[in-house]
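**Q** Protein chains in written order, with the numbering used here: chain A, 277 to 528; chain B, 254 to 518.
Don't read these hints as lab results, they were simulated from the structure.
Mixed in with the good hints there might be a few duds.
What the hints assert, rightly or not - DSS-like mimics (lysine-lysine), calculated; alpha carbons at most 27 Å apart, straight line: (1) K481(B) to K327(A); (2) K518(A) to K317(A); (3) K317(A) to K267(B); (4) K367(B) to K334(A); (5) K267(B) to K334(A); (6) K390(A) to K361(A).
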Amino acid sequence: MESREKVVEIRNLEKSFGDLDVLKGVDLDLFREENLVVLGKSGSGKSVLIKIMVGLLKQDSGSMKVFGKEVSKLNKKDLNELRLKIGFSFQNSALYDSMTVKENMEFPLVRNEKNLTRKEINLRIEELLDSVGLPQTINQMPSELSGGQKKRIGVARTLILNPEIMLYDEPTAGLDPITCRDINNLILEVRERYKTSSIVITHDLACAKQTGDRMAVLLDGQFKAVGTFEEVFPEATDERIKSFYDYNFINS
Amino acid sequence: MAEGSGDRKPLLSKKIDKFFTGLADAWNFVRRFFQEVFMPPYEFREVIHQCYRIGVESLPLISLTGFIVGIVFTNQSRPSLSEFGAASWLPSLISIAVVRAMGPLVTALIAAGKVGSSIGAEIGSMKVTEQIDAMEVSATNPFKFLVVSRVLATTLMIPLLVMYTDFVALMGSFLSVNANEMVSMTTFFVQVFEAITFLDIISSVLKSVLFGFTIGIVGCYKGYNSSKGTEGVGRAANAAVVMAMFLIFIEELLVLQIVNAIRGI
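With the hints as extra help, turn the sequences into a complete structure.
**A** Right, dumping it as structure tokens:
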């Protein structure tokens with residue numbers, strides 16, 4: 277694993293909000309075509325980590341390198357170039373609710389790839405909607421979609437720019453178990469089809485087990501355990517990781 | 254006493270701090286607008302879409318209000334003028350009042366309530382549901398798409414709405430004058446245009462541009478900086494209306510002073 281190319285390198289990353297220290301010296305690597313799951317309780321700083329990765333937030337100290345570039349030191353133009361390589365699937369899908377599904381998908385495409393013809397744009401949108409299994413929703417408004425459909429369209433919208441890294445923020449939050457399984461399958465399909473490296477932020481252990489090559493457990497602002505599911509959970513010695521596992525196990 | 258004043262000092266200092274931080278934020282927001290408005294890429298389609306929403310969709314409300322204002326103001330002014338045997342001055346009085354003050358002010362206040370609140374709520378809800386972040390991470394410029402387009406649309410459309418309100422209010426006034434004083438439309442409008450000057454029209458248009466910019470920028474600023482979920486969206490919409498109305502009155506007062514100085518009053 278270590279010989280593979282690192283696409284994300286996080287070193288000693290710290291972030292506070294007022295008096296609250298959220299990340300306290302975090303170290304983590306993401307390798308090419310790897311699915312890494314970041315687990316942790318609500319408010320543990322999981323989403324903060326990936327928001328720093330795309331420049332939505334800035335760390336207080338430490339280093340966040342994506343494709344070898346220090347994100348916090350990039351100017352606006354370079355940051356936007358980097359963002360084109362990163363797809364961010366938001367917790368609540370963040371679909372633009374005044375636009376149809378087609379317009380949602382067009383929005384980043386027409387603004388970033390100006391040489392495409394109308395035919396090419398339509399083809400790309402149809403292909404991606406097919407790949408997430410929702411071609412019939414093309415003219416629907418987000419308010420007409422179910423939670424699971426919104427997540428799928430959200431993923432399709434991020435894929436339209438052909439990202440190399442996918443960041444999934446709580447992809448299964450608020451969904452029923454069957455839809456959760458479908459979303460997990462979609463995450464795996466995306467990796468297979470588009471050869472992406474992914475970070476999946478979740479507190480759902482079933483999602484983590486199904487989608488992750490490696491797990492990283494964020495507790496008290498630091499990664500307390502990093503490894504495969506079998507390395508991290510069944511034999512966990514840390515009481516909090518154990519209780520996290522037991523709680524999810526009982527609930528599933 | 255000493256304890257009380259000790260408690261008050263940090264609170265006061267916090268409030269002053271908050272006020273000046275807010276002022277600096279607002280200034281940076283306005284500055285960013287002027288930086289981005291001239292820089293490509295231009296969101297023409299969104300500007301036109303917003304012009305339609307702000308202009309065309311406001312027409313029914315503006316028409317009704319303008320028309321009623323014209324009739325009511327005429328009917329309220331008639332007794333006083335009649336007392337001096339000056340009822341024939343009604344068209345002149347109404348035209349001056351409508352073009353100089355009531356048209357711009359009524360239109361701007363209605364637009365602040367209708368358009369300002371809608372902009373504040375829309376952008377605020379996009380902010381709290383991470384739609385603005387989603388635009389940002391897809392390497393697009395949400396400020397240009399959301400703020401620049403809306404502020405341009407309000408700045409362009411409010412003056413047009415003001416001219417339309419002036420016309421509708423004068424038509425309302427004409428109906429009242431025609432019914433009571435038997436004045437023809439030609440006579441009425443000849444008196445109207447004799448009473449108003451070029452300075453009246455120019456100051457009214459410039460004032461409307463200022464009102465339009467204020468409504469747009471305040472709505473966008475409040476929406477863009479909203480937080481705390483749905484409650485924050487409500488607050489943003491409310492603050493957008495209150496702040497815009499407050500600024501409109503201040504601007505009205507300032508423009509009046511400037512125009513009066515030009516007139517030499």
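**Q** State for each hint whether it applies.
**A** To see whether the hints hold, each was checked on the structure:
| no. | hint | verdict |
| --- | --- | --- |
| 1 | K481(B) to K327(A) | 18 Å, holds |
| 2 | K518(A) to K317(A) | 13 Å, holds |
| 3 | K317(A) to K267(B) | 33 Å, violated |
| 4 | K367(B) to K334(A) | 37 Å, violated |
| 5 | K267(B) to K334(A) | 25 Å, holds |
| 6 | K390(A) to K361(A) | 17 Å, holds |
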